[in-house]
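**Student:** Now for the letters of each chain:
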Amino acid sequence: MTTAAELLAGIPELAGAEPVTRVTIPARLEYTHTPGSAQTRFLTALPDKRLLAERCPQCTRVYVPPRGACPTCGVATTEQLELPHTGTVTTFCIVNIAAKGLNIEVPYCYAYVLLDGAHVGLHARVGDVPYADVRIGQRVEAVWNEERLGPSLASISHFRPTGEPDADPESYRRWM
Amino acid sequence: MSKQPVAVVGVGQTKHVAARQDVSIAGLVREAAVRALADAELTWADIDAVVIGKAPDFFEGVMMPELYLAEALGAVGKPMLRVHTAGSVGGSTALVAANLVAAGVHGTVLTVAFEKQSESNAMWGLSLPVPFQQPLTAGAGGFFAPHVRAYMRRTGAPDTVGSLVAFKDRRNALKNPYAHLHEHDLTLEQVQTSPMLWDPIRYSETCPSSDGACALVLTGDSGAARAPRPPAWVHGGAMRSEPTIFAGKDYVSPQAGRDCAADVYRQAGVTDPRRQIDLAEIYVPFSWYEPMWLENLGFADQGEGWKLVEAGVTEMDGDLPVNPSGGVLSSNPIGASGMIRFAEAALQVRGLAGEHQIDGARRALGHAYGGGAQFFSMWLVGSERPDH
Numbered sequence: 001m002t003t004a005a006e007l008l009a010g011i012p013e014l015a016g017a018e019p020v021t022r023v024t025i026p027a028r029l030e031y032t033h034t035p036g037s038a039q040t041r042f043l044t045a046l047p048d049k050r051l052l053a054e055r056c057p058q059c060t061r062v063y064v065p066p067r068g069a070c071p072t073c074g075v076a077t078t079e080q081l082e083l084p085h086t087g088t089v090t091t092f093c094i095v096n097i098a099a100k101g102l103n104i105e106v107p108y109c110y111a112y113v114l115l116d117g118a119h120v121g122l123h124a125r126v127g128d129v130p131y132a133d134v135r136i137g138q139r140v141e142a143v144w145n146e147e148r149l150g151p152s153l154a155s156i157s158h159f160r161p162t163g164e165p166d167a168d169p170e171s172y173r174r175w176m
Numbered sequence: 001m002s003k004q005p006v007a008v009v010g011v012g013q014t015k016h017v018a019a020r021q022d023v024s025i026a027g028l029v030r031e032a033a034v035r036a037l038a039d040a041e042l043t044w045a046d047i048d049a050v051v052i053g054k055a056p057d058f059f060e061g062v063m064m065p066e067l068y069l070a071e072a073l074g075a076v077g078k079p080m081l082r083v084h085t086a087g088s089v090g091g092s093t094a095l096v097a098a099n100l101v102a103a104g105v106h107g108t109v110l111t112v113a114f115e116k117q118s119e120s121n122a123m124w125g126l127s128l129p130v131p132f133q134q135p136l137t138a139g140a141g142g143f144f145a146p147h148v149r150a151y152m153r154r155t156g157a158p159d160t161v162g163s164l165v166a167f168k169d170r171r172n173a174l175k176n177p178y179a180h181l182h183e184h185d186l187t188l189e190q191v192q193t194s195p196m197l198w199d200p201i202r203y204s205e206t207c208p209s210s211d212g213a214c215a216l217v218l219t220g221d222s223g224a225a226r227a228p229r230p231p232a233w234v235h236g237g238a239m240r241s242e243p244t245i246f247a248g249k250d251y252v253s254p255q256a257g258r259d260c261a262a263d264v265y266r267q268a269g270v271t272d273p274r275r276q277i278d279l280a281e282i283y284v285p286f287s288w289y290e291p292m293w294l295e296n297l298g299f300a301d302q303g304e305g306w307k308l309v310e311a312g313v314t315e316m317d318g319d320l321p322v323n324p325s326g327g328v329l330s331s332n333p334i335g336a337s338g339m340i341r342f343a344e345a346a347l348q349v350r351g352l353a354g355e356h357q358i359d360g361a362r363r364a365l366g367h368a369y370g371g372g373a374q375f376f377s378m379w380l381v382g383s384e385r386p387d388h
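Top line first, the protein sequences correspond to chains A and B. Going by the UniProt record's numbering, 112 is the number at position 112 of the first sequence; the sequence numbering is gapless. Going by the UniProt record's numbering, 252 is the number at position 252 of the second sequence; the sequence numbering is gapless.
Keep in mind that the hints were calculated from the coordinates and are not lab data. From a predicted model like this one, the values you see are computed outputs, not experimental measurements. Even glycine gets a Cβ: it sits at the ideal position worked out from N, Cα and C. Treat each hint with caution, since some may be false.
[What the hints assert, rightly or not] Calculated pairs, DMTMM-like style, for lysine to aspartate or glutamate (alpha carbon to alpha carbon, straight line, at most 20 angstroms):
| # | chain 1 | residue 1 | chain 2 | residue 2 |
| --- | --- | --- | --- | --- |
| 1 | A | K49 | A | E170 |
| 2 | A | K100 | B | D199 |
| 3 | B | K78 | B | D48 |
| 4 | B | K15 | B | E183 |
| 5 | A | K100 | B | D221 |
| 6 | A | K100 | B | D317 |
| 7 | B | K3 | B | D22 |
| 8 | B | K175 | B | D387 |
| 9 | B | K3 | B | D221 |
[Stated by the list, open to error] Derived, one-sided and incomplete: chain B residues facing chain A with beta-carbon distance under 10 angstroms:
| # | residue |
| --- | --- |
| 10 | W44 |
| 11 | Y68 |
| 12 | A70 |
| 13 | G74 |
| 14 | E119 |
| 15 | A150 |
| 16 | R153 |
| 17 | G156 |
| 18 | M196 |
| 19 | T244 |
| 20 | K307 |
[Stated by the list, open to error] Simulated restraints, written as ranges between beta carbons of each label pair:
| # | chain 1 | residue 1 | chain 2 | residue 2 | range |
| --- | --- | --- | --- | --- | --- |
| 21 | B | T193 | A | E164 | 33 to 41 angstroms |
| 22 | A | P47 | B | K3 | 31 to 39 angstroms |
| 23 | B | E355 | A | T40 | 36 to 44 angstroms |
| 24 | B | D259 | A | T24 | 39 to 47 angstroms |
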């Protein structure tokens, strides 16, 4: 294989020049997200510490955050309902490695929290507990970020154990 | 609908490494393509169309790289198209190419898949925030680790199963000159004590980040008759997809994966995959996905996949070798990884897999998955021409 240096050697004007093998070109990505009516309702309720969900009129599954349509039935989800701040950890991992661009201190516990009455898990952090004690089936409640209440999921700081007995596995088996 | 039989007559891949600083993306894909043409003893003039695949553009930071790869792949004046289905793309790309031959649209098709991860940061590309979710997903490992935990909980599998898979695949890779990782001195104990990245997934149970490309030459009956080496015949191929998130999605054993396998087996007349398939090249980027996919693909009953691993069934000398090439755990140029599975399955039934050849392999499965375990692509290849 011809090296960069060998290629340069054939060009008198570039005699002695360092071959350029790489240049760094930074890339940036900025979204303007249009949430639509379902997500707008969900987001604007967060500063009031309210968790709004939507139910599919066909399969009756409850989605939070709502997306405005049921991905299974393909119909609009028109019925709104408010969910409690409590739920069950259906699965989780402990992240020990920092991802570039993700502004979170490691380690952290990344969990799927199935809010009571919902049929999809919310992606959330679990805290205020040693990570070795986090478990599938654990009952948790939302801890609100009092300083940063706003139309964003950052309004929820994390979930913490309620101390109740673990949920019956049958209650979340299909939704993990 | 009558379909032409499809034969794999050329296979080429690069030596997968962390960083191929001596070539551009164009140079990388051309290297794999030239090797596939050499295997088939064909020239660029024999190729009627080019089908290329890669994972998201942000993995290299090059928007629509296919725009500047047409000349490197000899596609000037010919049809060229790009396929994209996240991590399963290498498999989907091969299937799109195979379908063009099967449908009689083109006689001989070159298909190529690649990734040059060293030119960007795929973990960052996979961690871009989604507006309606807390930004918590740290790369693919962060996404899949909770589902591995759910599998462990559901089946009661011992914690060590993942390390057995990782150790096996890294040992197998020593027999594959194209594999990225050649860890000659690795011990099982080192795998089991390697750092926990996304608990329960350890460093040594995780795929590397690789630069690499893979290419296949696909043709019909007349092309196969002229081929200098035995072809691999496509006995079945299918793709399936499902949403990333829906109520009742089974992340451990997705319905789309089960349906995809069932379709492939039906086409190939397979009713008992464990007995009728000689080996499988399965997309296992994190070691626990081997027992998970063994169940999803029907090689084991629900909850029993880990027992095959523990019993050594999936070892090179077991009765269902899985990833004799070393698998994704030993080489992961993401966009190419699925095509490498398809290519390795083809090499095995052609009897051309070299040191990692499974003796007497007649039927082999190539498998890939991608996205949030939502895109699946598979093919079953055999040494005999199918009689449909």
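**Student:** Would you check the hint for B/K15 and B/E183, treating anything up to 20 angstroms between C-alpha atoms as holding?
**Tutor:** Within the cut-off at roughly 15 angstroms; holds.
**Student:** Taking 10 angstroms as the limit, does the beta-carbon of B/T244 come near enough to a beta-carbon in chain A?
**Tutor:** 9 angstroms, holds
**Student:** Can you verify the interface hint for B/W44: is its Cβ closer than 10 angstroms to any Cβ in chain A?
**Tutor:** The hint is violated - B/W44 has no Cβ within 10 angstroms of chain A, the shortest such distance being about 20 angstroms.
**Student:** With 33 to 41 angstroms as the target window, see if B/T193 and A/E164 comply at their CB atoms.
**Tutor:** The hint (33 to 41 angstroms, Cβ to Cβ) holds, given that B/T193 and A/E164 are roughly 36 angstroms apart.
**Student:** Is it true that A/P47 and B/K3 lie within 31 to 39 angstroms of each other by Cβ?
**Tutor:** 59 angstroms, violated
**Student:** Does the structure keep A/K100 and B/D317 at a Cα separation of 20 angstroms or less?
**Tutor:** 41 angstroms, violated
**Student:** Next pair to validate is A/K100 with B/D221; report whether the Cα-Cα distance is within 20 angstroms.
**Tutor:** Violated, at roughly 50 angstroms.
**Student:** Lying within 39 to 47 angstroms: is that true of the beta-carbon distance B/D259 to A/T24?
**Tutor:** 44 angstroms, holds
**Student:** Assess, step by step, whether the Cα of B/K3 is no farther than 20 angstroms from the Cα of B/D22, and give holds or violated.
**Tutor:** 42 angstroms, violated
**Student:** Would you check the hint for A/K100 and B/D199, treating anything up to 20 angstroms between C-alpha atoms as holding?
**Tutor:** 19 angstroms, holds
**Student:** So, B/K307 near chain A? Judge it on the closest CB pair being under 10 angstroms.
**Tutor:** 22 angstroms, violated
**Student:** Does B/A150 pass the interface hint, meaning its C-beta sits closer than 10 angstroms to a C-beta of chain A?
**Tutor:** 4 angstroms, holds
Hints 1, 5, 6, 7, 8, 10, 11, 12, 13, 17, 20, 22, 23 from the earlier list are contradicted by this structure; the remaining hints agree with it.
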